[in-house]
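Undergrad: As they're listed, the protein sequences go chains Y and W.
Note that the first sequence covers residues 1 to 371 in our numbering.
Note that the second sequence covers residues 1001 to 1246 in our numbering.
Certain hints may be false.
Stated by the list, open to error - Pairwise CB distance ranges (calculated):
1. Y:Phe290 with W:Asn1040: 39 to 45 Å
2. W:Asn1040 with Y:Ile291: 52 to 58 Å
3. Y:Phe290 with W:Asp1232: 20 to 26 Å
What the hints assert, rightly or not - The list that follows gives simulated cross-link-like pairs (lysine-lysine, BS3-like), each with its CA atoms no further than 30 Å apart:
4. Y:Lys202 with Y:Lys369
5. W:Lys1131 with W:Lys1142
6. W:Lys1131 with Y:Lys204
7. W:Lys1223 with Y:Lys368
8. W:Lys1086 with Y:Lys369
9. Y:Lys219 with W:Lys1212
These are calculated hints, taken from the structure and not from any lab test.
Backbone N, C-alpha and C fix where the C-beta goes; we use that ideal spot for every residue, glycine too.
Here are the chains, one letter per residue:
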Amino acid sequence: MRTVRFLLQKEFRQIFRNRAILAMICVMPVVQLAVLPWAADYEVKNVNLAVADHDHSTFSQQLVNSITASGYFRLTGYNGSYQEAMHLVESDQADLILEIPAGFERNLVRENQQKLFVAVNAINGTKANLGGAYLAEIIKNYNQRIRTELISEAGEPIHVIEITSSNWFNPLMNYKVYMVPGILAILITMIGGFLSALNIVKEKEVGTIEQINVTPIRKHHFILGKLIPFWVLGNVVFTLGLIVSWVIYGIIPAGNLAVLYAFISVYLVSVLGFGLLVSTFCDTQQQAMFIMFFFMMLFVLLGGLFTSIDSMPEWAKTVTRFNPVRYLIEVMRMVILKGSGMKNILYHLGIVTLFAIGLNSLAVLNYKKTS
Amino acid sequence: MQDVVIKTDKLTKRFGDFVATNAITFGVYKGEIFGFLGANGAGKTTAMRMLCGLSKPSSGDATIAGFNVYRETEEIKKNIGYMSQKFSLYEDLTVLENIRFFGGIYGLTDQQIKTKSEELIERLGLESEAKKLVGSLPLGWKQKLSFSVAVLHEPRIVFLDEPTGGVDPVTRRQFWDLIYAAAERGVTVFVTTHYMDEAEYCNRISIMVDGKIEALDSPTQLKRNFNASSMDEVFYQLARGAKRGD
């Protein structure tokens, strides 16, 4: 263990002399957590709507009013014909067209039914989908109001089933509360993974690894000497991240901090092991960077940060089981938002422990002092 | 008969079809300064890397300080020092920190590290540079430091791969003083070089051409054998026939 002490001393000295790394470690969590949650917001606002109104009646006016009053839509065109509205879509000024047919009001009153036509520009999938759904919801509400008015004029009672819901653990459905723990999870994965991957490869590039390989140093000592410093840094970044999310968003973990740190400790070992494994395969920092980037993209997009894993196809769900980031994001949300305890995250902890053991063993095995 | 500390038998390294080192057989005696000569690409570095346990031989056999080059690489590493062609101390650590680090991983005690550091700094005259980053030192000093770190743990053999490349004549002379001092302490020195004046400083030299050892003897004997007035001439006569270049 004396060897490890010397390795650690050397590694920490090098880290503290590397201004760029120190700056990244401090700036990255602050900037990413301050900026990203505002931008990575699922709520669709400012959907541009073009209305082709063939009716020009009180009812059609009312309908358009209630749509614009919702706050989600911006009326970018109020036209007399569908063609004109379509023009707006083609020139990217409108995302949705609502066509109100001639005789809208008359048919509603007399025949108690009327059809509306909604055309969606599906180039921006999320915007179109959610925009379409919002619009349908508003029209449904409007419809109900009209029917209530019409029917109560006729004096008949109405039966309406209304669904109300309440959002647990995030009562205001604040997306930031939901995104921040996830972004923090990605952040420590990136910092841990990249730092460890690039470190050994840098020694290969500079040639210092030769001087190490020609010493009787034990392989696992060498790997430990690389692992521990970045593990400490990972914990520092995580703590910094928690502070930032408390200061900016007022997020205080609902669960026990000790549970959170226990999980992070094991998780960092697995992610650092992954970085070290990659570095044993690469000869240049460029290669290591590319490979890490490839995996990071997969980890992030298949991690359940932006899209729900439950709604992925079966095969993709299977793939996410091999993604350590997925477990961290889940645990972060469970402990920070829901207040889950150790008992609830045991399964996740078990899997991440397996990752940690497996990846680090492979890294030690694949690190060859004699080629 | 003197002790043989390096012994190779038809030691060979192939990279695909290319035979970098072709069945070299030689022995190096304890305390000897052994010059390992050859043109660029002759296979010197490859041979040296095998002897240091950095590279696995393709065939043949070798024992270094009594340890087998296939099975006992880690034992070999305890008994040798190595200075690679490329400067490989940590440039972002100071002189003292480098000494401390390498002393530490070779298992020296804190007390040993302390005395050795002081000795070394004094011998090299690096007192005012001891706390400076190694990256800021001139090349000649880096090389001398690098050598001193390679023999810090008092290895039985030290391997030097072109230690004086790109260094001025005065510094080269000083460097060789360090080599002689080490040899006097009983360290066997195995050194590659391109400088023929340095070859003259060696007890014995071997000359490699295209992966094979073409000549092996003392400088005086080689000159006599090749009927040459200088080592330069000997080298030209042998290396002229080389097929490989840079």
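Undergrad: For every hint, state whether the structure bears it out.
TA: The hints, checked one at a time:
At about 32 Å, the beta-carbon gap between phenylalanine 290 of chain Y and asparagine 1040 of chain W misses the expected band of 39 to 45 Å. Distance hint check for asparagine 1040 of chain W and isoleucine 291 of chain Y: the Cβ-Cβ separation is about 33 Å, which falls outside the suggested range of 52 to 58 Å. The given range of 20 to 26 Å is broken by phenylalanine 290 of chain Y and aspartate 1232 of chain W, whose C-beta atoms sit roughly 48 Å from each other. The hinted pair formed by lysine 202 of chain Y and lysine 369 of chain Y meets the criterion: a straight-line CA distance of about 16 Å does not exceed 30 Å.
Of the pairs offered as hints, the one joining lysine 1131 of chain W and lysine 1142 of chain W holds, with about 14 Å between alpha carbons and a cut-off of 30 Å not exceeded. As the CA atoms of lysine 1131 of chain W and lysine 204 of chain Y are separated by approximately 25 Å, the hinted pair is consistent with the 30 Å bound. For the proposed pair lysine 1223 of chain W and lysine 368 of chain Y, the alpha carbon gap of about 43 Å is over 30 Å, so the pair is violated. Of the supplied pair hints, the one linking lysine 1086 of chain W and lysine 369 of chain Y holds, its CA atoms being roughly 17 Å apart against a limit of 30 Å.
A hinted pair counts as satisfied when its Cα atoms are at most 30 Å apart, and lysine 219 of chain Y with lysine 1212 of chain W does not qualify at roughly 34 Å.
When the structure is compared with the earlier hints, violations turn up for hints 1, 2, 3, 7 and 9 and for no others.
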